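Assemble the complex: chain A is given as a structure, and chain B must be docked to it using the hints.
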Amino acid sequence: MLNKGINYRLPRNLLFVFEMMALFLMFMYYRSTLDKSTIIYGLSLIFIVYVSNLILSKIVSGDNYLFLIVTMLASIGIIMIYRINHEQGIKQIIWISIGIVLFFVTYFVVKRFKGWENLFIYYLSASIFLFVATLILGKRFRGAVNWISIGGISFQPTEIIKILAILMIASYYTNYDKFKKKKWGNYYLIGIMYLFVFFLFIQRDLGSVLIFCSLFLALQYIYNENRKLVFANLVVLIFSGLLGFAIFPHVKIRFETWINPWKYIDTIGYQITQSLFAISEGGFFGTGLGLGHPDFIPEVSKDFIFSAICEEMGILAGIGVIMLFMILVYRGFKISINQKNKFFRIAALGISILFGIQSFIIFGGVINMIPLTGITIPFVSYGGSSMLSSFIALGILQVASEELDIEED
Amino acid sequence: MYNILSLVFKYVFIVIIYLFIFSIIKLIYLDIKGIRPISFDNSTYLKLINRKESLPFKIKEYYPLDDNIFLGRGNDNEIVIKDPYISKKHLRIVKDEDDYFLEDLKSANGTYVNGQRVMDVLKLNNGDRITVGQVEFIFVNRG
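Line by line, the protein sequences give chains A and B. Under the working numbering, the residue at position 130 of the first sequence is numbered 130, and the numbers go up by one with no gaps. Under the working numbering, the residue at position 124 of the second sequence is numbered 124, and the numbers go up by one with no gaps.
Same shape as in the complex, but just chain A:
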């Protein structure tokens, strides 16, 4: 029949071939300055990815595609980062490996313990604690105060707060009936949401403001019974957006660069115009790895990795990355629809929305479709915090893809 011969082995092997070829190409590229450790790192990553996919398809009763899609995205990202910057590439390999370990740890811990839906107050206080810690210990980096470093390890608390916020919203709507009985119970979440947005605004982290707002709004739109409240919220957000545009200069600058980046090509518009040049330079099939000039774009391995992929691997590969994200988000929605447990249902939905919104904002940003805000593409961009938190979120999604409410005999 038509479908004969297709099974889980095919994408796994394709991924393996892809990674081996990329590794070989990178050897050739760095052949003059090659050392042994690079080969070991590369091969061990390929091994970890292959084995994890193999294990997952055996032990997991839920979704088998999530991890495949994500490892493909991470592979495309790591090739590009490694080609742009050797040292960042090595670091990224380590981050991905830790991320995969964290994915399994999250998967088993979340699955093993019950009662995640009753920890509302803990999610809330942990988030606020992290926000306050950022304010006190924060380091200013590229205009935004969103890094803290403790004992030499620096990380972005916002990345962790994203997951905490999703779990918090999920536990709020799971216990919605209980909250409604309290005075002002309906307004708890909105109050918390404005508090979070306020904190992020002080940090000047506009990208995260956008992510949190859309996440809250989407989940509120789906689960809140009070329709008026949702629309009132929307109006307030639009209004405060306009107000922010009028009052804060850094919002205005972003907007003006978006309208006409060519006017500011030598100053604030430099980054975005270089990104547009890079994408057009690549054409359909790209210039070939190592033959383009993605290093002309500032911050290319973080926010602008998508432009680098488009330049060197072609717009077709760029479209491929977008399609991979579409399948990932589609799977997330599907998982959420099939899940009977309300808490994990909302959490799965939140995580899918998070991946979708985050990739949309930055893809749209680098092609100048929407104003640019600096955030990372989950699983693709360089960055430890973002990689780890994305893998933790994926672990929760993996748990949500399984049947959880099985009554005991």
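Possibly wrong hints are sitting among the right ones.
[Said to hold, decoys possible] Heads up, simulated DSSO-like pairs for lysine-lysine below, C-alpha to C-alpha not over 27 Å straight-line:
1) K60(B) x K58(A)
2) K111(A) x K123(B)
3) K334(A) x K60(B)
4) K111(A) x K88(B)
These are computed hints drawn from the structure, not numbers from a lab. Because the structure is a prediction, the values reported are computed rather than measured.
Chain B alone, transformed into the frame defined by chain A:
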């Protein structure tokens, strides 16, 4: 040298990425249709007759059959159905030289094949209707 290699590889990369996406979409498509891709060439299976949505417990559209399969409510069976009218170990389907036999394991509510209660062991023919609890299967053997 490197340039030629890189030029060739970029086409290969794109082909691989799209093949990967295609195979995943295909697998998801098979999943939606309720066909399990792994044991697909297995031509003997139980097909659910009830509407899947009408049953209050989790059930699949297809159950492929091996040489020896237990069906019941307990988790140690090959086919687990959480129907309260099904016993913990309800029935067994055994393969003996190309023929399949159904054995009722003294279940409380019994097993019916084409409306007849199975007392001990019964040979299954292609198209037989098997009723256990609230669930009704059709036995398909194209071998």
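Do the hints match the structure? See the list:
A distance of roughly 19 Å separates the Cα atoms of K60(B) and K58(A); the hinted pair therefore holds under the 27 Å criterion. For the hint pairing K111(A) with K123(B), the CA-to-CA distance comes to about 42 Å; that exceeds 27 Å, so the pair is violated. For a cut-off of 27 Å, the pair hint linking K334(A) to K60(B) stands: about 17 Å separates their Cα positions. Of the pairs offered as hints, the one joining K111(A) and K88(B) holds, with about 25 Å between alpha carbons and a cut-off of 27 Å not exceeded.
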